[in-house]
Every structure is written in C-alpha cells, then in structure tokens.
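Asker: For chain D, the structure is supplied; the task is to place chain L on it using the hints.
So the protein lines, in turn, are chains D and L. 1 is the number of the first residue of the first sequence in the numbering used here; add one for each residue after it. 1001 is the number of the first residue of the second sequence in the numbering used here; add one for each residue after it.
Everything labelled a hint here was simulated from the structure, so no lab data went into it. Keep in mind it's a predicted model, so treat the numbers as computed, not measured. We put the CB at the ideal spot given by N, CA and C, even for glycine.
DSBU-like, lysine-lysine: derived pairs with alpha carbons at most 35 Å apart:
1) D/K25 with L/K1084
2) L/K1130 with L/K1059
3) L/K1128 with L/K1051
4) L/K1055 with D/K313
5) L/K1361 with D/K25
6) L/K1343 with D/K25
7) L/K1328 with D/K313
8) D/K25 with L/K1353
9) L/K1261 with D/K313
10) L/K1286 with L/K1115
11) L/K1051 with D/K313
12) L/K1064 with D/K313
13) D/K313 with L/K1059
14) L/K1289 with L/K1037
15) D/K313 with L/K1234
Among the chain D residues that face chain L by a calculated CB cut under 7 Å, a handful are:
16) G205
17) P206
18) T207
19) A220
20) Q221
21) F223
22) L399
23) I400
24) D403
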Amino acid sequence: MAVPVAFFAVFFAYPVAAIVARGLKAGGHWQFGRTADVLGQSDIRHVLWFTTWQAFASTVLTLLIALPGAYVFARFEFRGKQVLRAAVTVPFVLPTVVVGTAFLALVGRGGLLDGLWGVRLDTTVWAILLAHVFFNYAVVVRTVGGLWSQLDPRQEEAARMLGASRWTAWRKVTLPALGPAVAAAALMVFLFTFTSFGVVQILGGPTFSTLEVEIYRQTAQIFDLSTAAVLTIVQFAAVGIILAVHAWSVRRRESALRLVDAAHTARRPRGAGQWALLAGVVATVAVLILLPLGVLIQRSFEGPDGFGFTYYKALASSDSGVFLVPPIEAIGNSLTYALAATAIAVVIGGLAAAALTLPHSRLRSSGGTPLAGRLVRGFDALLMLPLGVSAVTVGFGFLITLDKPPLDLRGTWILVPLAQALVGVPFVVRTMLPVLRAVDGRLREAAAVLGASPLRAWREVDLPMVRRALLIAAGFAFAVSLGEFGATVFIARPDRPTLPVAVARLLGRAGDLNYGQAMALSTILMVVCAVSLLLLERIRTDRTTGEF
Amino acid sequence: MSTIIKATAVAVAAGLGLVTLSACGGSDSGKDSADSKTVTLVSHDSWAVSKNVLKDFEKSSGYKVTVLKDGDAGEAVNKAILSKDNPQGDVLFGVDNTLLSRALDNGLFQPYEAKGLDQVGTEYQLDKGKHRVTPIDTGNICVNYDKKYFADHKLTPPASFDDLAKPAYKNLLVTENVSTSSPGLGFLLGSAAQYGDNGWQGYWKRLKANGVKVVDGWEQAYNEEFSGSAGGRKAGGDRPLVVSYASSPPAEAIYSDPQPKTAPTGVATGTCFRQTEFAGLLSNAKNEKGGKALLDFLIAKQFQQDMPLNMFVDPVTKDAALPADYAKYDVKVDSPQTMAPQKIADNRDAWVKTWTSLVLK
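Okay, chain D solo, but in the shape it has when bound (with noise of 0.2 Å):
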C-alpha cells in the first residue's frame, strides 16, 4: 500500500495543492474570503449551473439510449458481437479533440448533415450532449451489460411460472438486481460529463462552458490563478461527493447476488420483437457511433486530388512547420509513452488492489474492525480522484512542482507516462478488484501452512488466476494512456508530440493539408485503439467483465 500512495501524494496530489495553494495565498496570506467573490460573481454561477445540468442531461440520455444497448449485448448471441463491443468501446478510450472533430464532421458547417439537410448542431447544447452520449455508451454497455449478463435468466422465468406478467417479473427480479449497476453508471457517466473538456470546449462555442473549461480559461489564458484555484476546489468537492455516492452503490453491489457464467445466459434472438430490439441497437450504433468515426476516416482520404492518401503521405514529412519532426513520429512518442504508462499503471494500480483486498479477505474471515474497511473504501476512492480532477490543474502543478532535484523531472520524457498513469491507475484498480476479491484466501493460507513462501504463494496461487484480468487490465490502462490529451498536451515537448497532441495542433492549423493530416492521425490512432480493444475482446473471461 506505501508504494501507491507515495506515487499518488508524489505525482498527484503535491502538485495539484501546490498550484492550488499558489493561487490562494498572496503576500503570505492564505485568501479563503476570495471562494465567496468568486462564487458570488454571475457568470460563474452560470458556470456552474450549466455544468451541472448539461451532466445530468448527458447523464439522463446515455442511459435512454445505452440501456437497451446493454441488454441486447449482455443476453444475445449473435454474429459480430465481439467487433461491435470493441467498436463501441473505441469512442471512450478516444481523445475528446478527436471525438469533437468527429462531431464536428458530422454536425458542423459543411458537415455530413449539412450537406444532406442543411442541419448544424455545433454550437448548441445537442452537439455536446451527443457527443457525451457517444463518449460514454460504453460505460453503461460494460458496466450494466456485464452484470446482467451473469444474472440468472432462471429467476425471471420461476418468476413468470408463478404467474407474474413478463413486465412484473423484470421489474420485481432483474430490475432490483441491477439497480445498483445502473446506479454506478449513470455516476461515472456524471462524473465523465461533469468534467468534460474538450467535447464541450471544440463544440460549444463561445457561449458554453463547463467548470473544466472555466478553470482552463481562468489559469491559461486569463491567469487568475486564484478564480482558477477557487473553482479547482469546487470541482474537487462535486467530485468528492459524486466518488462517495458511487463507492457506495458499488458497495451494494456486492450484495449476494447469485451469478452465472455469462457463457450460458446468452442465446439467440428469438421472435420478431427481439430482432426488432437486436436491430434497433445495430441502427442505434451505426448512427451514433459507428457513422462519426466513419466520417472521420472518410475524410482522411478525401485529398485535394480526390481519394486518395495524399495526407497520410503528408504525414511523413516535417515541411509544414507545425512541427519540428514529421508528423507520423507522434505514432512512435505515442505508443512508448503508452507502454511506459501502462507499465508504471499496472504496477501502482496491482499494488493498489491487492492492498484493498488484504484487509478484504481478513474482513471476511476474522469480523475486522469497521474502521479499517472504512479506510479502505477511503483509498479505494481517492484513487479515483485523478478521473475528476481538471488535466490543466495537474499539468500546471507537475511544472511548478517537479523541477526541483530528486524531483527535476520537467525536461525529462517520463512526466508524460507519469501523468498518463494517473489516469490509467483507477482503471487497473477497478478492473482487478473484483478478480482479487473472488480469490479465496484460505487457499493462500493453505499453501503457506505447506510452507509456501509469501512470494511463492502469490506466485502459484493468485497469479494464475489473475492473470487474465492483469491483461485486461492492462490493455485498457494502454488506451486510455494513448488517448490522454489534456494533462499530456501541458508537459509534452514539442518535439516529441504524441498523437492526440499532434492532432489538436494540427487543428489548430489553417489550411486543407493541416486538417486532412489531422484526419489521418485520428484514424490511425482510432485503429491503434481498436485493435488493442479487439485483443482484450478475445482474451476476457466472463469472471473478469470488472466495473468499468
């Protein structure tokens, strides 16, 4: 557990109270009384009240549209399933410069609707809340899905020989059971779309903005260090209290719930309704999903010279002077600081879970105390934390803070994966978790009272279990770390871009050749994503769905 949380009050906490504190203390003196000036101020309030009801929203819609997704998923069998899943996990594991270009694409001036109907949705509130909902679909089909595929099919049926109607028997049976798993997705997906930054900041427009972008403005364009502190606090607290809510609805969760392998609640749609359903959620994520990553690939052979790979060819060269290499170098920076991320995640996050199941399993056995659970909840939440703490407040903090020997980092390529782990962490942490937890841990101790070493009773009792999850887990700290782009485009070095930092520049460009290299890269690494998805596709256990 010490390795952890050193890495974390290194790398994650000293920084962000660094530049916060930097912001709140003038001449000596900390400037509590300015939380009041700032939060009394009318467009702050606005702030405020625009990301909240934008998350909720987002949140509300997600589920509208996702829920049937998370059905169709969890209880039919059917050709390409393992394809769709990965594809739809592609978006949340994008860099939202990428998703907002997508949108944009599609939505925007010139855009597919444009051209077909004349509708523009960017710079309204729908292009945003589409986005989120495409962004987060995900994370309801995992989470809900993978629960609802290990309940029991059979509870529903007793139900129904019972005599109650097939609307009842859901209700009474399957609803309760998944309650809390809809619960604990409907939270992320808050706490996603509450943070939301640059969906909100590329299609918003100059009159929408979320706290995130609020505390961006404030700290690097308008530098008022001390509004973006205040704010950073206020973040960190509805974050705070939307962690709690979902460590608890993760708690009940654990309630028994009696589980199945997933292998055998699928089946085959049967009947014209549950074709109709089947089709209802392929159409669902064609339109929403599958049709804006279309339109960007679309694009990225859309030359001057008509179809073609004219901007892929573009990328090998550094003539255009965004850049001080070509290009298609950020593949490389990308993929190795993905690597170094994910290795530096899987071993903070590993440490992490098997800390939490320690006192799990001796919880089980000997009573515990409540207090130590307590704590460990405590932990398990904070290492949430850095999901929903603004990207630019950790960018900032790593600059001021770790500059200085031992810590003289700033030059130096490993803040990148550094940074990048931070976020990678909670995914290994929730994905081995439940793993862990399931290992009885009276077979430890048996093979300790045959004289197992610790090491020799980690090695041959939990490892071949978790090994799967281990891959899993880590695969998916590896998207997430090549798709990080806010703290990563703070500490990157020009010279050495990663993809999604690449591609915002790109953007940033005026002319045809910018914007089509820009296309190409988002593909590219669009396919770098899928592919790493589509492998944990094929190496995940029913056992191992995790929470995420």
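Answerer: Just chain L now, with coordinates in the frame of chain D:
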C-alpha cells in the same frame, strides 16, 4: 491466445525496463539547457524559421538551438511566469504588447540591450531604456474583406470602425471571442482606442445590433465563416468581413496555386490595431551568453528578412527588406490604433468581462 499473452507480457516487461532505465539514467535530453553549447528558445506554436537561416546562426555562433513551442502566446507566457525560478529555456519569444505588462510585472526577463537595436523603429520599443525585452516583429489586426463579394454587390468595402456599424454592412462581419483569441482582443482594444474608455461599449452595442457574429477562435472565423479565404469558400462561409491580420491577404495569395495578380481579399485600413511581438532573456536563464547571441540574431537582417514568409509578420528593423512575393501583396497600414501596455494591463480583465456580458449574453 498464449502468443497474445506472451506478446503483452513482453511489452509490459519492456515498458518496465524503460521506466527503470530512465529512472537510473536520468534524463535523455532534459539537461540540454545546462550545456553551454545549447541555447533554448521557448516560443508559441506559431514560431517558424527557414532551416538554413537557423543553421547559419548555429554555424556562426557555435550554439545549437533547441526550440520549445508551448501552446498559444498567452499559455507560453503564463507557463514561463510559473516556472520563472527554474525556466525551461533561455529566451522567450512571443510576448506581444497585450501581454507585455504581465510578463514585466512578474519579473520574467533580465535586461540586455541587443546589438543592432538602433535599427529598430522607436515606435516598437515599448520598454525603452530598460531593455528587458527586444521588439522582434510587428503586424496589424484589421478587418479583412472579400473583394469578390463587394464587387458582385456593387458595394464599397468598409474602411473604418464607424463603417462597420452602418446598415449597408448588416450581418456581414464575423469576429472572435475576446477572451480566447488574440485578434479578437486586438479588435476590442482598437475600438477602445478609437472611441475611448467609455465610448467603446456604445460602439459594440451598435455592432451587435448590426448583426456581428462571434466565434471562439481565429481558425473558425477565418477558415469557416469568412467567404474570402480558400478554406471559407470551401466550407461555404457566408460572411464577407472578418477580423484577421493585415498580412492575411499576402498569405491568401502566396498559398494559392497559381498565384493571382492581386490578393482575393483586402484590408479595411481604418480598423487596425498594432501588435508587436517581443523576445527577452529569461531571468534565470542557464545559458545567458547564448541567449544574448540569440537575441542579437533575432533582430539581425537575415532573420528579419526571413520572418515575413514564415510567420506572416513585418520586420521591425529599418534595414530589412520585404521578400518580393510578400511585398507584392502587402497592404500598407498608415496610422493603426495603439495602446500603452500598462493601460492594457489595467483594463483588460474588466473590459473583457464587460464585452462578454454586452455581446455574448
């Protein structure tokens, strides 16, 4: 299946190895700035120079130049202020007159009088006597117009701030959000210089009533909304007036194939605000000597003449000649609006706030 596991295991192991290596070996190139043979220039994303010009400097001075591009101008300055005690480089380029006071008040730079400063026009020397910054380039933020639109509609293009609020030009202008875009801010400052501290609000009310459109950034305004640019025409932009730069018409013409006789866009010369960019030696620069040599180079004739076609800005030195291609399409702006950096610093935040509630809400 097992090959996948093996591959992933190898990958993870390799990643772990990398981390360990880097932990032991320290930085790869991070300590460059401590090396006196290397000089590091921190700049914004728009920095550009011809390769051979930079090579010439490296050959004649013996320094190797490392360039760190750090976001847009505001971001680069803010990061430099935050890391003042242990800066990322030796010289910062890209502080303009709207950001100058912020940089100076925070003690970002140390004085150095660059060689060749006598060639720099006095109107650009905004830190005269103290020499904490050196003027490097200048340009004007002006309304550009689509020549074809005004010819087709037999309408005279607007020439002044006043014209833009006239009914003849209703719903024709697109500008940028002043809180997120530097041309947007420049245009606001130009209007404040023209109408005074208390008059500009009334002017913007008239502009709003006359249908001015606001978008977030220059890219969107110029390449999507403006009907006169190559990008805008393609995207179906329908606003023939846009807040951009006096150097946009040369850029528009030079990047056309084939190059036209005259630029497709023009400049409303009575709507301009002068923007000057500076460079300075950072306070705790590790390579002071190299930084000074770099500053000398930035106002030397070779770099000054190389600048226009790379960054589309004008030289500040009197002896620099404009490249022929650039001069051919260049629009001369006689008396742009200006404002003292201190005044900008004093009013900027309040004005941006007032403007936001006046125009965006």
